[in-house]
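For the record, the sequence lines run as chains A and B.
Per this note's numbering, the first sequence starts with residue 1, numbered consecutively.
Per this note's numbering, the second sequence starts with residue 1, numbered consecutively.
Mixed in with the good hints there might be a few duds.
Unchecked claim - These stretches of chain A come out as covered by chain B in the derived footprint (C-beta under 8 Å, 3 or more residues):
| hint | region |
| --- | --- |
| 1 | 38-45 |
| 2 | 49-62 |
| 3 | 294-307 |
| 4 | 375-381 |
Don't read these hints as lab results, they were simulated from the structure.
C-beta atoms are modelled at their ideal positions from N, C-alpha and C, and glycine is treated no differently.
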Amino acid sequence: MTDTNLEGFRAETRAWLEANCPSEMRGGERTEEAICWGGRNWEFSSDAQRQWLDRMAAKGWTVPTWPVEYGGADLDRAHDKILTEEINRLEVPLPVQSFGIWMLGPALLAFGSHEQKLEYLPPIARGEVRWCQGYSEPGAGSDLASVQTKADSDGDHYIVNGQKVWTSYADQADCIFALVRTDREAPKHLGISFLLIDMETEGVSTKPIRLISGSSPFCETFFDDVRVPKSNVVGTEHRGWDVAKHLLTHEREMISGGGAGLLGSRALGAVIAERDGEMDATTRAEALVCEVDAQAISLTLERYKDQAEAGGGVGDASAMLKYAGTELNKRRHELLMSAGGSQALEWDGTHAGLAADWLRTKANSIEGGTSEVMLSIISRRILGLPS
Amino acid sequence: MSTLLLNEDEIMLQDSARGFLDNAAPVSHLRGLRDAGDTHDPKLWAEMAQMGWTGVLVPEESGGSDMGHAAAGVLAQEMGKTLVTSPFLSTAVMAATALRQVATDRANAALAQIAEGRVIYAIAVDEGHKHNPEAATLAAIEDGNGFRLNGSKGFVVDGGNADRVLVLAMAEAGLTLFDLPADRDGIARTAASMIDARDAVSIDFSDVQATGEDVVGVVGDGMSVLRPALEAGQAALAAEMAGLAAGAFDMTVGYLKERKQFGIEIGRFQVLQHRAAHLWCETEVTASAVRNAGRMLDEDPENATMAVSLAKARATQTAKLAVIEGVQMHGGIGMTDAFDMGFYMKRARVATEWLGDYGYHAERVAAARGF
Chain A
1 MTDTNLEGFR AETRAWLEAN CPSEMRGGER TEEAICWGGR NWEFSSDAQR
51 QWLDRMAAKG WTVPTWPVEY GGADLDRAHD KILTEEINRL EVPLPVQSFG
101 IWMLGPALLA FGSHEQKLEY LPPIARGEVR WCQGYSEPGA GSDLASVQTK
151 ADSDGDHYIV NGQKVWTSYA DQADCIFALV RTDREAPKHL GISFLLIDME
201 TEGVSTKPIR LISGSSPFCE TFFDDVRVPK SNVVGTEHRG WDVAKHLLTH
251 EREMISGGGA GLLGSRALGA VIAERDGEMD ATTRAEALVC EVDAQAISLT
301 LERYKDQAEA GGGVGDASAM LKYAGTELNK RRHELLMSAG GSQALEWDGT
351 HAGLAADWLR TKANSIEGGT SEVMLSIISR RILGLPS
Chain B
1 MSTLLLNEDE IMLQDSARGF LDNAAPVSHL RGLRDAGDTH DPKLWAEMAQ
51 MGWTGVLVPE ESGGSDMGHA AAGVLAQEMG KTLVTSPFLS TAVMAATALR
101 QVATDRANAA LAQIAEGRVI YAIAVDEGHK HNPEAATLAA IEDGNGFRLN
151 GSKGFVVDGG NADRVLVLAM AEAGLTLFDL PADRDGIART AASMIDARDA
201 VSIDFSDVQA TGEDVVGVVG DGMSVLRPAL EAGQAALAAE MAGLAAGAFD
251 MTVGYLKERK QFGIEIGRFQ VLQHRAAHLW CETEVTASAV RNAGRMLDED
301 PENATMAVSL AKARATQTAK LAVIEGVQMH GGIGMTDAFD MGFYMKRARV
351 ATEWLGDYGY HAERVAAARG F
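Extracted from the complex, chain B is given alone in its bound form (with noise of 0.2 Å):
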């Protein structure tokens, strides 16, 4: 395998999405889409399309740049520092991935358009208040030629702003995955109104029509398709969580440096030092994990299941601790919506929800570990 390192073409992607977001989406970015009642800017995601972002997983057959996982981690990462709001996750990583691996004309042409920025995709997988994809119960009943769809999905990220939605519905033949239009007839969205101030909705499925060119993969066999697209996300979900956390500390630390209590600078009390330095292991460990997440879904995908769960477990806690630390660390202004960490503690809430939280991926990992 590759080394934990960034070789050089991550190096620049890192540098350059840097630069690029530090101007085009600052925590202010995400404060005045709230503040406006937005949760999507369209000339934000046509910039990123145009950088080759939306096709960081396109094959280039379809006008992708098919730079791999461990790119997209660079980019999720790099978003996640500066809590970025865009269907990157949704669109780019997770249904560029599960279309990649059916070779129809139709899921080759959808590529095209992910690539372009064309298009918005949702994953509505989960009808409970967990990650469960495999309980999933919306029923797909044959009908003629085709299917009938009815049922809810919860906690559909990106689905208010989306185009077209994966679900995954329960066929007499077991889980299978469809691609649909997010406005065909029987289709109703309700916006949720999230903490962290992002696109989330519900759907409710109300007969709705669904042909067999719908379908993407095998009937019966959805997961196959979902299960590789699932792991993308929560690697690059990982990656985008270390990236908060990282913001997050860099926030922490340099208020340590500056603000004066009792006449000096908090940060020259050992107890916040400590405190510090501790979360530092934390983010470093998380990193190595995160990294290695990205390495395995490029070179060996089919044995990356623990790897990717590894990471998003670690990203999860670490996050965690990290909006802890720095709402606790600032004090009475950390708790301020004038202030940005809140916006970090509630976003790393969300993300820790989405895609399996600790105790979901931890349980893969003692799978694969013989517990």
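Bound-form chain A, shown alone (with noise of 0.2 Å):
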């Protein structure tokens, strides 16, 4: 594709967004409440919300590069760009975004049957149906393997038996991708099935847990027999650690790329002065340092951008984003509760603002894998050192 191509689609692209975008949805401020998650109980905070995803969904992009006949518009990573800056350009959200887009989906490319491929790929490009992510148990949290919710044969079904923690808005989601245990006797990693559950099953009940920020985006979830057809498992029976290895790798940068874009755009010394925050010399020192890692980490991410982008891939190198970017997030909001002082210290119980920020980043470094994890990750796979 040449340039002249690009600027064409460029050109296309502006004077669609420009005659299709609501009014409505332009130049607000990303509040949660403007974040559009889908599903089947999902209510529209306006008719605009819902005006914006029909007509990007219906174009294709919401999920711009997924083949056309899943839902997506075929678009290559030139023209992918193209279109996330023409959509930046007008200060909108995302008109749909979800685990179903960012997780499910690259499983689902990479591994699913084409029947698979068809049922369940669209509804996620049109917001319809909202996934989340059944991995860690009480018993199986950095040594993920060893999941023991158990899936046992009867027929052409299954019966799902067990516990699932840390379940991201499960109580929200309509559909859960879950590991489970197909296969007893083989070795940790080679029992294990990646099998799509409806969560309207009977015998599938959520409970959301209360962190130390306040906030409850995370839950325990339960399976009690719950019946659950064979045909519902992606890839191969008992490989499913080779999808689960798949995902993670996306969630991984996914993790990284959030808590590093949003320090690339904004300087630590400027979001303190916003919020009359205070620095001794030795929170200014620290601030500094903290600031010099924020742009090379940035840049980073760039680097590995451009690899993946020339083909290179990222590979084992995202435990090294997401342990660098979530390393430096819990920095800067420590400094950020620094410079805010007393000030930063009032509660109200759910949204405390800053300081539920500070506390909420403390799990940076343990959700999608522990700073610990992605050492050994890094040690093992990238150095080459023995185990």
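Each chain sits in its own coordinate frame; assemble them with the hints.
And the structure:
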């Protein structure tokens, strides 16, 4: 594709967005309320939010890089980048965001059957079905492959029993993609299957977990004799660990990008000044180091994006991006708290602003694999140190 | 801007540089020079000129290869891996960058000499113990048609082997840059014995005569020529330090895989694995900042200050961590002179101070980011 074609695409895209993006959606502040997660029970915050989703979905632009038959627009990276730039130019939130788009979609595209892709991907693209991730269990955190939730064979169905934990937004999700043990005799990595379960099935229940930050994005999810068709296994039965690993790479990139993207655009000094923060010599020195690291980590994300676009992929280095990005985010929030002094300590029990954000960052280096797990991945797979 | 990946030409340059340096200048080359009391290898310098390295920033009209700052960084990084000793940064990077900004016949002739490897330059800027070019007080008093220079400079890297010196002086009109032969009457050089066994001198200027021809650029506006040269040097030095960190890191990881204690390779101990993995992350993050500095100097030099300082700050910090961990993880052998890690530690310390340390560059990043 030549540059002329790309510029033509940019002009068309800009014109289409100007004509189709509802004006109420533009230039607004990116509050939690502005985010559309979609799903069977989703209540749109406005007609404009619904219109924006419907029009973008019809265009295939909620998942622009997916194939057209699965709800996408089959854009390559160069075109996708232009679309993103043009959407950002209008300062409009994405029409829909979800774990279906970020995580399950890429896994289905890589491992799913044609029938599964046709069944599950278009509703994700249209924001009609909301998914959550059922990975961790009370006894399977960093040692994820020791999951014990069992799926016993019963004709053409499984009977699922067990408990998941840290299932983000499970209480609002329609479906869950879960790691379940289908072979209890096999070595632990070889007895797991990647199973799609409708949350409305009898025997599934959820319970939110209140965090130290006051909010409850995470849940416990229970399975009590839940019947699931065997055709809901993604990839090969017992080989779900391959799917899980693939998906974890996407998750790590997503988490590291979230932290550092924010940091790249806003200077710590400016954020502190805006909030009437005060810095003594020690805090200021730490803030300088933090700013230097933030810039360098942002550039590193750019460099790996360049590498991915050049076809090199990111692979195990996503562990480095996740480790560096999340540890930096924690340091940054410690500094914001120091600069805020007693003013940063106020708490209203649910949304405490700075303090809630600070507490929330403590999960960054745990979720999606702890910093220590990231270092172990690097040490074994990149440095080749013996285990 | 171009991507932060090496392009095909740069990859070829990197491969050929590594191949050449592994033969011509492994760490044992520096050790040999030090043991003989030398700080320069004319044969190595001539070979670098032959390969076009000394002309990496010299325009093609003056006989250079003009490959740009990112390419100069590739060369500096490969040199850093094995602590290659040469006046590359002073001459081929900083002097060339300063001289190419003034279009005089004399500057063009000097650039041609740099490309041919026939001249060594040193940059005489600092007078105190820390890098601070704007604080120069060496006096340039107008005298007839020219100037008389009086004062002194310290930590003039490559000054002992230099044929010429770019010296920053304070004239009545402001800071002014002079290009002088190192043996001009009144110039006295005193060799400093440096921990990294490389060339640095202090220079006393006593009634040194300089003509208007010796001025590089405009009287009173020396910084507009010198600043880009210093930034080019800082970016290349950052690249050298990134290479140094990579060299020290490779030795350390290699040792973790072969050294046995308690009956197993020490690289099986998780406490060392995690420290090594953390160090690798730091080298990766720094590599991005170094690559970005080269790209910015090539494509948007007016706005490269933050990118350059980011690279030098990060490279300084990473090189320090790499050599501290390098010695610690090697244990007792890391402390011996017979082993190479000490050379890495000493060079890292000198390179940290040269052209501005972590604090100097972090302040510049912070200023650019609105602190």
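Would you pick out the hints that fail for this structure and give their numbers low to high?
-> 1, 2
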